[in-house]
Every structure is written in C-alpha cells, then in structure tokens.
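Here the protein sequences line up with chains A, B, C and D, keeping their order.
The first sequence runs 87 to 426 under the working numbering.
The second sequence runs 87 to 426 under the working numbering.
The third sequence runs 87 to 426 under the working numbering.
The fourth sequence runs 87 to 426 under the working numbering.
Derived by calculation from the structure, the hints in this document are not laboratory data.
None of the values given here were measured: they were computed from a predicted structure.
One should not assume that every hint holds.
The list cannot tell twin chains apart, which means a pair is met if one copy fits it or any two copies do.
[What the hints assert, rightly or not] The calculated DSS-like cross-link candidates involving lysine-lysine, where the alpha carbons are at most 30 Å apart (straight line), are:
1) K362 with K118
2) K193 with K131
3) K410 with K160
4) K160 with K362
5) K163 with K118
6) K131 with K362
There are 4 protein chains.
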Amino acid sequence: MVIVMRPDATQEQINNISEYLKKLGLDVHISKGAEYTIIGIIGDKRLLGDTPLELMPGVEKTIPIAEPYKLVTKTFKPEPTVIDVRGHKVGGGTLTVIAGPCAVENKEQTIETAIAVKNAGAHMLRGGAYKPRTSPYSFQGLEEEGLKILAEAREITGLPIVSEVISPSSLETALKYLDVVQIGARNMQNFQLLREVGQARIPVILKRGISATIEEWLNAAEYIMSEGNYQIIMCERGIRTFETATRNTLDISAVPVLKSKTHLPVIVDPSHGTGKRDLVIPMSLAAIAAGADGIIVEVHRDPMHALSDGPQSLSHDDFAVLMKKITALYNAMEHVNGQY
Amino acid sequence: MVIVMRPDATQEQINNISEYLKKLGLDVHISKGAEYTIIGIIGDKRLLGDTPLELMPGVEKTIPIAEPYKLVTKTFKPEPTVIDVRGHKVGGGTLTVIAGPCAVENKEQTIETAIAVKNAGAHMLRGGAYKPRTSPYSFQGLEEEGLKILAEAREITGLPIVSEVISPSSLETALKYLDVVQIGARNMQNFQLLREVGQARIPVILKRGISATIEEWLNAAEYIMSEGNYQIIMCERGIRTFETATRNTLDISAVPVLKSKTHLPVIVDPSHGTGKRDLVIPMSLAAIAAGADGIIVEVHRDPMHALSDGPQSLSHDDFAVLMKKITALYNAMEHVNGQY
Amino acid sequence: MVIVMRPDATQEQINNISEYLKKLGLDVHISKGAEYTIIGIIGDKRLLGDTPLELMPGVEKTIPIAEPYKLVTKTFKPEPTVIDVRGHKVGGGTLTVIAGPCAVENKEQTIETAIAVKNAGAHMLRGGAYKPRTSPYSFQGLEEEGLKILAEAREITGLPIVSEVISPSSLETALKYLDVVQIGARNMQNFQLLREVGQARIPVILKRGISATIEEWLNAAEYIMSEGNYQIIMCERGIRTFETATRNTLDISAVPVLKSKTHLPVIVDPSHGTGKRDLVIPMSLAAIAAGADGIIVEVHRDPMHALSDGPQSLSHDDFAVLMKKITALYNAMEHVNGQY
Amino acid sequence: MVIVMRPDATQEQINNISEYLKKLGLDVHISKGAEYTIIGIIGDKRLLGDTPLELMPGVEKTIPIAEPYKLVTKTFKPEPTVIDVRGHKVGGGTLTVIAGPCAVENKEQTIETAIAVKNAGAHMLRGGAYKPRTSPYSFQGLEEEGLKILAEAREITGLPIVSEVISPSSLETALKYLDVVQIGARNMQNFQLLREVGQARIPVILKRGISATIEEWLNAAEYIMSEGNYQIIMCERGIRTFETATRNTLDISAVPVLKSKTHLPVIVDPSHGTGKRDLVIPMSLAAIAAGADGIIVEVHRDPMHALSDGPQSLSHDDFAVLMKKITALYNAMEHVNGQY
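Extracted from the complex, chain A is given alone in its bound form:
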C-alpha cells in the first residue's frame, strides 16, 4: 500500500500518519517528490485491515500494491495445476471438451446427446439440473431427478459428468452424483456457496461473473482455495459490454492474462459467451489458439425444441464438426507454438 499525500499536505499530517501506522506495527518509507509526498507502508498488511487511510487529513489517495489473493498465484505455486477427473486430465497440455445440453430435460434426450458427444470425442458430459433463469416463468430444471439422469448417462458412456450448483442445498445433493460441480456466472460472488464448495473435495468449474474483473474472479477462486479445495477450473464465458450484436463479449484475452497470473487451468464457454450458434465454432478455435485448456459447449439433439438456450446450442452434427476442427487445431498448435 502506498499513500499519496495532497500537494498541500503539512509535515504534521505526514507525521500523524506515520505514527498511526507505526502504532499498528507497520513501518513506513517517505519519499518527497516535486509535488507529492508518498508514504510507502512496509510490513504485514493484515495489520491494516480495511482502515480507510484516505480519510486521514492530508491524504489524496491510497494505491494498493500487492494483489489481494495469494493461493491462486503462480508466485505461490509456479507449476500448472492439473486436475484428474476420472482419469481425464484437465490442464497441463491436454485438450478438454465438455459438451451436453443446456438443461437435462428428460432421460431419453440426455442419453441420446451423451452418446452423440461421446462418439464425437467429448471428454465430459454437461447438463443443467438446477437452472437459474432470468424470468420466474421459464423452465427451472429437473433438480435431483436431472442429476440421476446424468449419472445414468455416465454409466452408459463412461463420460464424467458436470452440472451447476446454485445453493448450499443443491450442492449437498449434487455431491452424491457429480464428478465436477460448476459455479455459474451469477453465483461467482455468492460467497457462502464458494465457501461450501471450498469445503467439498470435488473439482469445480468457476465461471466468470458477467461483470467481474479478472481480479474479482481470482478472488472468488481464492475463497474456494482458502477452504482447502484446490481443484479449480477457471471458465471465461463473456462479459457484459455495450455491444448488442452478441449476447456477451467473450473476453478471449482473459485466457493469456490468467495464464500469466495463475496456475489454474482455463477453459472457455463459447455458447454463453456469444449466444449465437454460428459463432460457437470460430470462438472455440480462437480460445484454443489463445492458449485455453479446453471448452465447454452446449449441444442439443434438436436445438429448435430445447427448453433453454436453443439459439446457442449446436446440433449433434455441428458438434461433430466442432470436435474435428478443434482437435485439428489443438494438434496444430504444438507446431505453431514450437516456432521461435
């Protein structure tokens, strides 16, 4: 933390702040510039708590230096985290494609899609059982019944299963069935849920909140890790901007930014990120080229009749094409990245 004093700050004000900080057990370094005096705070910043130093007389502003999270950083753990999901590795040089319907609508539909994505080469099956919907009048999901259907689909296909949890009680139920739980964008700052997921011992896909900065997103991961669960997969899924041509603006640059800051694997959701079926394939390829470890994508046997998110769902045939293209690209990237 650095304190910038106002140009008209008095020596007495500077002394007061220094003494205040020293009483807290911190040390200070004072630099007098042409216009501004800067006070650098040295020591364990937890001693400072949330003290609003900007309210002290003579202070212009305070500037944080250290990042507020720790466990998620590469400084803390330089080597990439690789997460084992029933034998499939997420991160560390393996492509991960997670596919399935937005919502588990019934057994037949789910199993049909599970078989299709398995045959096309997907590594995990996704499907929503608890659906957070903007309108109270939309389909809200089959809940535990949906989780049972996913478990049946796993039995048939061997694919690990992923589904979203939306509350502590849905988490408790979900842990009985799932291989990976997902925290959706709307719950990225549902801190109680983050804590409870942190106490579970299950891999977590943590989606970026629709208006979350990368720093807030890493803080959300820190919540989970601070409770002891280190198996987190970061998932970029689009941020809210002024642009209306796409449902959200998929922030592909978040992939290399995260790769520079954290050891956690990073995947991308091009379905929610764009909201448009025609954009799913090009944006999946862009994600891989930017260095993502994989994608999570919505697939429906009959998008026209999907109970939710039809416009952004791929058909089984579309998905087979995506799978071929993304595999070809992932393989080509080894050659591309080998250039120097």
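Assemble the complex: chain A is given as a structure, and chains B, C and D must be docked to it using the hints.
Just chains B, C and D, lined up with the frame of chain A:
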C-alpha cells in the same frame, strides 16, 4: 413476438413457420415489406416457451414485444405501492431515510450510531450482519449476533431495522429479528433466495445488481412477487461502467425510468453508488430531485476505524447535515413539482 | 510515478533502474516491503517522457501518481472560473439554461423557438448547423446558412447563440457568427480541433465523449487551455453503458467529481443523456441538485416533425414548465445548501 | 419499422397513425395481439425520415427492422471484397501482416524497423506521422516529415506503407505519399473525415471506435462507401469495458460477426487491443483462428525507448517469432477449416 424473415426467405419457409405456430395454438399476421417479411405472433406467448424461432430456416431475427414481467408493472397495478414498516410509510409521498453502519461491529458502536441517526431524523436503522466480501480475508460480519444487536438498537431508539440476507439459512434467522430484509446487489439474481424471500411476508429492499439492466432488475422483483410477497422497495446503487473516478456509476435516471414502469417505491444508495464520502450528499440530493422516495446511507461514528466501507461512510455530524439538507430539499420539491 | 518490482526482482535489476533514472536527471526513493520493493521517482516527470519502464527487467508494474493535466485543476486556479457571454455569467452562482432545436431546419422554425425559449426565460439559444450523424443518409445540417439564421435569431431575441463545430473549416466559419462554440461528444478527442479551438478566443462548451473517463475529459480541456483559451464549460451528456432503457447513462456524479477537481463551470445535457423526453425534466432537476451550473436542452416547436432527435426534444410548452421548475429548484438550493 | 401500440391505445389512435403513414406514401399492416397491437410499416423507409413516431399518442415504442446501412452488406455484394495494395491482396484467402513502429520518430529508426519486418515476412509497413495523443504534452508526430520517411522506407524495402490521417488537411498531404490510409478509433465518427476519405481513391483501414457498436462501425464504413470509395479494411482494436487488466477488451467475436454481415476484409490490432506486449502473440493467433484476414501490429527496434506505446510494442526478434507462429497457424487453418 415478431419474426423478421431474411430478404431471401422463400414462401415455403414462411409457410412452414406459420404452420408451426398454428400447431402450437398461436395465430400469425404476415406483413410483406419492400425488403423484409415480418410475421407477428398473436396469442398466449407461453405456448411458445423458449422455442428458438431464430433457428428456423429463413429467419433473420426475432424481436420480443411484450415485457417478460407482469406483476411489477403499472399496467397490472396503476396506483403506487406504499409499504408500512412499523408505522413508517415507504413510498406514496413520504421521505424515507435509512441510515446506519455498513457492518454491525459491536453493541456499543451500533447503539451509538442508532441513537445518532434517530436524533438526526432517520426513519430506519441499517447495519450489516452477514457481509459478502470480495476477499476471503476481510471481516465477514457477526451474523446472528449482529441481528440481536440491531434488535436491541430498535428497542432503544424505536427505529425499524434493516439488514442484508445472503442465503436461505441467513434469511430464516433474519426473519426472527428484522423489519425489512435487504437483497444485495450480488444476490439480485440468486433466484433461490428471491423465491424464499418471496415466500416470506416481510418488506424487501431489492438492490440492483452491479451489471443488471432495469429489465433484469424488474424480473428479479417479479420473482419475489410471483411467490406472493408484494412489499418490495427497489434500490439503485450504481452500475459498473468504464469510469474509475467513482466506485460505480450511480444511475440516477433509473429513478424516473422505474417510476414510469412500476408501482413499487424507489430509493437510492449514494454510499455504494459512489464509494466516496464527499459525493454522498450531492448524490442524495440528486436522487430526491429526480423523484426517489428516499435513500439508504452508511453512517459510522468513526469512519477511520470502520471495519468495512469506511471511505464512503458519513460521520454522525455529516449525517446530521445530510438529514437537514435532504429534508429541506424534499419539502422544496413539493413547490418545484407544483410548477407547470 | 512509482515502480513496483516483481517479488523475485534481483538487487541488480533494482540498481539498473535506479541508475537509468538518475542518468535522466531524476532521483529515486527505494522502499523494500515484505514482498515488493517499490521505487518512487522524484523530480520533473517530463524528463521521463513516455519511457515504458514496465518493460525493464524485474518490473511488475508502474503506477502514475500525479495527474497528467495541470491548467484545469483547482490546485492551479482555486477560484471558480466565471465565463461572460454577452453579459450573462456562466458559473459562479448563476443558473444557465441553454435551449433550442437540435438542428436549425429553417428560419421560421428557429426564430419561433428562439422567441419561445427567450420568453420562457432561457439564457442562450442553441441550434445545430453542422450535424454529425451516424448514418450518411440522415439530414446533415444547413451549415453556414444555419449559422446565419442563428445570428438573426440573436438579433431578434438578444439571446447569445451556441452551435457545434466539427472541423477546423467549420470552426473558421462559426467564429464569424457565434458567441459560444460547442465541441460535441464525438469530437472530444479530435485533438486538432481542440488545438484550433484553443487558439480562438471564444467560450467553448466541451461535451464529454460517450466513452471518455473524467480524466480523459479533463485532458481534452487541458488541450484547449494549453493553447491559451481558458473559457471552457464542461458538459456531461451521458456515457455508454450496458443499459438500454436510456440512450446513454447520464453520469450525474460527474458533476460533483468535476467540482472537486476543476475550476471550470459544469453543465448537463439531459436530452442526449437520456434520449427520452419524459426523462428530461427529472434529470435536469437532478443535475441542479447535484451542483451543476446549468443545463443545455433540446426544444422544438413540433417534436413530431423535427428533422433530428425529435424523441428527446421538449415542446415549447414542456420547456416553459421545465424553466419554472428548474428556477424554483435553483432558488431553493440556496436554502438547502445553507443547512449545516 | 414496426410500431408497438400501448395496451390501452384506442382504435382512433391506431387509425391516426395509419392515416399519417399513408399520407407519406407508406402502407401499413396491423396485427392485433392479446395485449399489444402492432403496426408494420411497408414501403420506402426514406419517406419516413427521422419522424419520431414514438411521440404519437398511443405509441409504446418503435422497432427498426432493416439495417441502416446497405453498401457494406453481403446482401448488396455477396462475394468477398479483395483489395489490391501494390500487388498484395488483402482479403480473399491471403494472410496480411502490417507491422511497424507506433510513431515514425526519425529516418534511421523507421528504416531499420522496415527492413526487419520485411525480412521477417511482413506485407506492409505501418508508422504514425500524425499522432492523436490523450495529453497535449506528449509527442505529437513528425507529420509530413514522417510521411516522407515512410516513403523512403518503401523505396528501400518495397513494402507498401500505411499511416493514420486525422483531419482533412492531413489527408490531403497523406495522399501524396501513402498506399493505404488509416482512420483511427477516435475518428471513426469524424464524419467529415469519412466523407473526404470516401472521395479519395485509396484503400482505407477503418478502426473500430473504442465504444462503437458493430452497427455504428458498419455505418462509418457506409459513409466512406456512399462517397464512392469501396476499398475498406475493417480493423478491430478493442473496446472499452470495465476490465482494467488489459488496456481495452479485444472483441475477437467481432471478426465472425463482421464476416457474417459484410463483404469487407477484417483485420485485428492486438497491440492497441491489449496494450501489453505479452498478449500480442496469443491474441494474434486467436484473431487468425477466428477467421481474420490479418493483423496490424506495433514493432519497435527498442521498445524501452519508443516515443509512444512502448509497452505494447514487439521488438524485432519478438516480431520474427510472431511472424513464424502466425504463418504456421494460417497455413494450418486450411486443414482445420477443411474438417467437416
């Protein structure tokens, strides 16, 4: 719902869509323009569900016509909703000022501030017991202990008490103590919490999500109302934009927009909306001038030592000034609005 | 400027940077914290130019301390700037209302509106002669012919006249006719135009760019002032956000933020800021309550037939009501602000 | 255009609007739904001009159907536009890499970088001669002197040269030297400049405005085309969002969106789009994978001493690596896109 066909759509494609809609029990009106053919859908749109008509061959795009919410609208209930909180009316021509510390830190601090805001003229006491914090290493609130302290402060001052709930279990506890519960910005789309608050019979302050459109915010209120709880106070608290001079951008225009769309009372939170103490008074006045029914504001006996949100908290003296100014303005607005 | 070194930075890297800065004629203060070493740079930062210190080995990031503008600040000039426009004072405790049609369409329409706004109490007449329009197929303005019509309207009503300039050549023509020139939102960073306006000796209304931070906006004012023209009126007119219920989000909090940073007068444009006629009056009142020195507002004798921006234009009768309300509020604010 | 009437609109109001439109020479189709009546307008919408139909009694809102631009669409010209720049084809299946310093600082520096990027395989040389800078105290470019240096670099390397124009007068000068002119983000809605570039007969790189929607950007291209210049290259360079980890948010999804709407070639600027050197290579690859026709990238022989935009400039060695990787990826994409 209106369907816009692509310029090159064939008559067969248009017929297919018409027949599809008629099978669902809907009627259609077809308008052929110079370039585009438009299909208007007539009938109960619930028959349509979430069918992604934009995926049908020949469709350029679909445009929703009706709003997705109903109970919150002035069409449904033209007269303003007035909410009675222990005798104080919120909405309908009464000024409401809710004040208190960001967090309940201890009994002494809370009661001291409760007395101060009561003496200055506040109508309700606010204080956080369950604190959703961005970093897991920040103070997280006293929880039930905090609610008990608020109840004591009510006993001493007679002020009704307001606090935030962050999960179904905190709601259950809160209902034992509070007069009004608050849904924070981060939980505006925590739909399970909205439903449970909807089943309670207690007034609710529903804060706008940091990146929520006014339409999504009204949908969140609709969730609560659709469960039977009609006592909702909408609270604008700033949206996330590119501007960094303020913590958020307080969207004062949301006040008249809401007033044109909904019968619910509207208040403004200038503390979170700006993040800066010096902006709290001018933005409180702006809110009232724009037609807000009141404000909710953070007050601390010693902002320098507040455990959270110190930079945006008013001191007791600041609050007394605010209360005088806002009362003077509220009274003057009757004369101002009487001009025509 | 403060340089934050990476946690793993070596002493040699720190020395290299110190020496580099000393060679430029700057001095340094080094603070070693628990995790980070911070290098404070002392001296005239112009010696640094745009040197990208963040590229030097071992640097984590750099943090600017001083603001990049100077002439616009209250540090440079503490007393408020008051601008005299043909005897009417802008700023310094006088209400300024500038009104008129979006576009000068013809003589009759302009003079009719000029007389109406004069009679209602407006202080200046606005009207667009050079119209920057999103589509090349929209009405583009009467250009010099429009300026002549405004000058005639001034002769008849005595109102000073304001119009937008969009290029150096339009500025040259405009200087022959206008009392105040306006730089529109789209040209806020048209630096050549800013320079040429800076060389003129005429009051300037500088509108905020639709996505400009307050810092960038102040920098644009600095451009004008650095060429010698000190008569600048800052005009908030809405920023682009994700919200679509309004054309833009009128950032009322920019008013008190500017008032804390600059000596320049601040007005608000509630017409472009909201894009909706029904919001113009409440947002005008909010602007005044927040401390604005005035407003600029679109008025048309027949908004239904306006050649541009009809939806946000007030009729003559609407404007007369606005004028009464805003005057009543402005007068009441003296009493409101007198409370302490 | 579709008009949605309010639920309480009367038959008389509907008739009035119909008659009004018929007098203008338009035809109408009226659809009465359960709640809303919709009036579809049929005929040449230019007859309507900017009439604010939303102001007519009984109207809830109006919804545009047709896009406001025409010449840029694939409906108007289905085959991709390929632009010939001294024999190098932009668009239509050829990779285009444009590289060079942010600013032309002097002859030696420019020629050294020109030779380096030529040797690495670049197709054109870029360099800024007229620099629009946020602060009036930053380096503003060598102007015509800079253009002469670029022309010398062309003579030596054979590379076509690209530079930004910022005003009609700079355009006039630039036409004497350049092969391609660039309209920068800040001038995307400088409509007078767009018109003058439209009257010239030179290829244009049109950068997206920092807060421009894709629709506004296409409208800006329409301005140029409506004056007769059809040689436009669209360049995505990042939009302004709330995220601060990157300078802007590079909207890679704009590439496939544009490819679906327009016949014009699309390139991406990963330097300005991210503001960080480390992100330039991954985002260049993402752009190509998403279907871009090329990139424009900043290269400096000594980024530490660049007079502008050093932090985002690649060194000569970095650029050579980028060139190898991007070529490898571009070649691989043929195989990737061949999968189905």
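Have a look at K410 and K160 and pick one of within, between, both or neither, based on CA distance no larger than 30 Å.
Between copies only: 28 Å across, 33 Å inside.
* Asked: Given identical chains, is K362 near K118, meaning Cα to Cα at most 30 Å, within a copy, between copies, both, or neither?
  -> between (55 Å within a copy, 26 Å between copies)
At 30 Å max between alpha carbons, let me know whether K193 reaches K131 within a copy, between copies, both or neither.
between (53 Å within a copy, 27 Å between copies)
Next on the checklist: Checking an output row: K160 and K362, CA cutoff 30 Å. Within, between, both or neither?
Outcome noted: between (35 Å within a copy, 19 Å between copies)
As a check of your reading, is K163 near K118 (CA-CA no more than 30 Å) within one copy, between copies, both or neither? Intra 37 Å, inter 23 Å, cutoff 30 Å: inter-copy only.
Between copies, within a copy, both or neither: which fits K131 and K362 at Cα up to 30 Å?
Intra 46 Å, inter 22 Å, cutoff 30 Å: inter-copy only.
Violated hints for the displayed structure: none, as all numbered hints are satisfied.
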